[in-house]
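*Asks:* Please build the complex by placing chain B on the supplied structure of chain A, with the hints as guidance.
Number of protein chains: 2
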Amino acid sequence: MKNATKIKISVFIAISLDGFIAREDGDVSWLHEGVELGEGEDAGFGVFFNAIDVLVMGRGSFEKVLEFDPWPYGAKPVIVLSKSLTEVPDKLRDTVRIDASTPQKLVEKLSQEGYKHIYLDGGKVIQSFLREGLVDEMTLTTIPVLIGNGIPLFGEIEKDIKLKLLESRSWENSFVQSKYQVMK
Amino acid sequence: MKNATKIKISVFIAISLDGFIAREDGDVSWLHEGVELGEGEDAGFGVFFNAIDVLVMGRGSFEKVLEFDPWPYGAKPVIVLSKSLTEVPDKLRDTVRIDASTPQKLVEKLSQEGYKHIYLDGGKVIQSFLREGLVDEMTLTTIPVLIGNGIPLFGEIEKDIKLKLLESRSWENSFVQSKYQVMK
Numbered sequence: 353m354k355n356a357t358k359i360k361i362s363v364f365i366a367i368s369l370d371g372f373i374a375r376e377d378g379d380v381s382w383l384h385e386g387v388e389l390g391e392g393e394d395a396g397f398g399v400f401f402n403a404i405d406v407l408v409m410g411r412g413s414f415e416k417v418l419e420f421d422p423w424p425y426g427a428k429p430v431i432v433l434s435k436s437l438t439e440v441p442d443k444l445r446d447t448v449r450i451d452a453s454t455p456q457k458l459v460e461k462l463s464q465e466g467y468k469h470i471y472l473d474g475g476k477v478i479q480s481f482l483r484e485g486l487v488d489e490m491t492l493t494t495i496p497v498l499i500g501n502g503i504p505l506f507g508e509i510e511k512d513i514k515l516k517l518l519e520s521r522s523w524e525n526s527f528v529q530s531k532y533q534v535m536k
Numbered sequence: 353m354k355n356a357t358k359i360k361i362s363v364f365i366a367i368s369l370d371g372f373i374a375r376e377d378g379d380v381s382w383l384h385e386g387v388e389l390g391e392g393e394d395a396g397f398g399v400f401f402n403a404i405d406v407l408v409m410g411r412g413s414f415e416k417v418l419e420f421d422p423w424p425y426g427a428k429p430v431i432v433l434s435k436s437l438t439e440v441p442d443k444l445r446d447t448v449r450i451d452a453s454t455p456q457k458l459v460e461k462l463s464q465e466g467y468k469h470i471y472l473d474g475g476k477v478i479q480s481f482l483r484e485g486l487v488d489e490m491t492l493t494t495i496p497v498l499i500g501n502g503i504p505l506f507g508e509i510e511k512d513i514k515l516k517l518l519e520s521r522s523w524e525n526s527f528v529q530s531k532y533q534v535m536k
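Those protein sequences? They're chains A and B, same order as listed. My numbering numbers the first residue of the first sequence as 353 and each following residue consecutively. My numbering numbers the first residue of the second sequence as 353 and each following residue consecutively.
Heads up, some of the hints might be wrong.
It does not matter which identical chain is used: a pair holds within one copy or between any two.
[To be verified] Restricting the straight-line Cα-Cα distance to at most 30 Å, the calculated cross-link-like pairs of lysine-lysine (DSSO-like) are:
#1 Lys428 - Lys511
#2 Lys514 - Lys476
#3 Lys514 - Lys443
#4 Lys443 - Lys516
#5 Lys435 - Lys516
#6 Lys443 - Lys511
#7 Lys443 - Lys536
#8 Lys416 - Lys476
Don't read these hints as lab results, they were simulated from the structure.
For reference, chain A alone in the conformation it holds in the complex (with noise of 0.2 Å):
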């Protein structure tokens, strides 16, 4: 067995000012209905993009990206976490794979691999992360509006997570992004 690489772990996500990620059935369309970013601009998504080599999500992401044509991540492996999916599409049995472990198995398992930085997505999937202490860096993105109730991105833990801001940046559409190092 090879030494275990430490492999950075990050989030980049949406949420709205009052902390969804999503409505209760999933629905992200309130990303959309402000002001646009700007022709060509990305918020740094791309960037981030190119810097992981393996997504890890749960099935609820999973089940909902199924639903974009075309696949958005194209040949970047992608992990779902899950105890009761079997079965990948045909199409996407290349790049994705099904994984039950704990998130701390399943952060050696990708160490073992040779993979240097997991982009880590979906509430539950980030909750469970949060609460093993695995995440490293969080760039949030709020989106000037408040939805009242769906998939929050935070649930609760058993003591405080502090962190500290690397980076925090605003645009004239009025998203707001911070990116935060989770102090261990």
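*Replies:* Then chain B, alone, in the frame of chain A:
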């Protein structure tokens, strides 16, 4: 009866990154557990406080503030919105009064009394004013900590509330402050 002047209603509040204004028991010590702002820096609170001419808060906030010595609001008039409170401590009789009006009625009353700018404080009061479309501006200072649960700033609403970012700034100690106009 005088014509009511248009009164401005502002929120100026600190929240944890997961959207709480206090722990369940009202504790806000986590506000001060990270790195403090620099000497003499108050994140704009002094300028804000000088610009408002009346505070409106709920019973919970009032009872929390009563624990402070000295009373932090000086001679500034304070309205405590409560249906259950009847008595104000003797030393505060000149500046604090209790009112059981609805938000709309209270705003009309304060307008007619000549007030120009309300500082709205406390989770339930802010939520009820937001639901009735009565909030004009919100300055939110995000503290770099997740506390997991507590008293949330925002709550359920009947329909989405859109906002416009007026200003966003951050400090070396990782506070991020965003000032929003509530769109109507």
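*Asks:* Does each hint fit the structure? Answer for all of them.
*Replies:* Status of the hints after comparison with the structure:
| no. | hint | in the structure |
| --- | --- | --- |
| 1 | Lys428 - Lys511 | neither (34 Å within a copy, 38 Å between copies) |
| 2 | Lys514 - Lys476 | both (20 Å within a copy, 26 Å between copies) |
| 3 | Lys514 - Lys443 | neither (41 Å within a copy, 39 Å between copies) |
| 4 | Lys443 - Lys516 | neither (41 Å within a copy, 42 Å between copies) |
| 5 | Lys435 - Lys516 | neither (34 Å within a copy, 42 Å between copies) |
| 6 | Lys443 - Lys511 | neither (42 Å within a copy, 39 Å between copies) |
| 7 | Lys443 - Lys536 | neither (40 Å within a copy, 46 Å between copies) |
| 8 | Lys416 - Lys476 | within (14 Å within a copy, 34 Å between copies) |
Going through the hint list in order, the structure does not satisfy hints 1, 3, 4, 5, 6 and 7.
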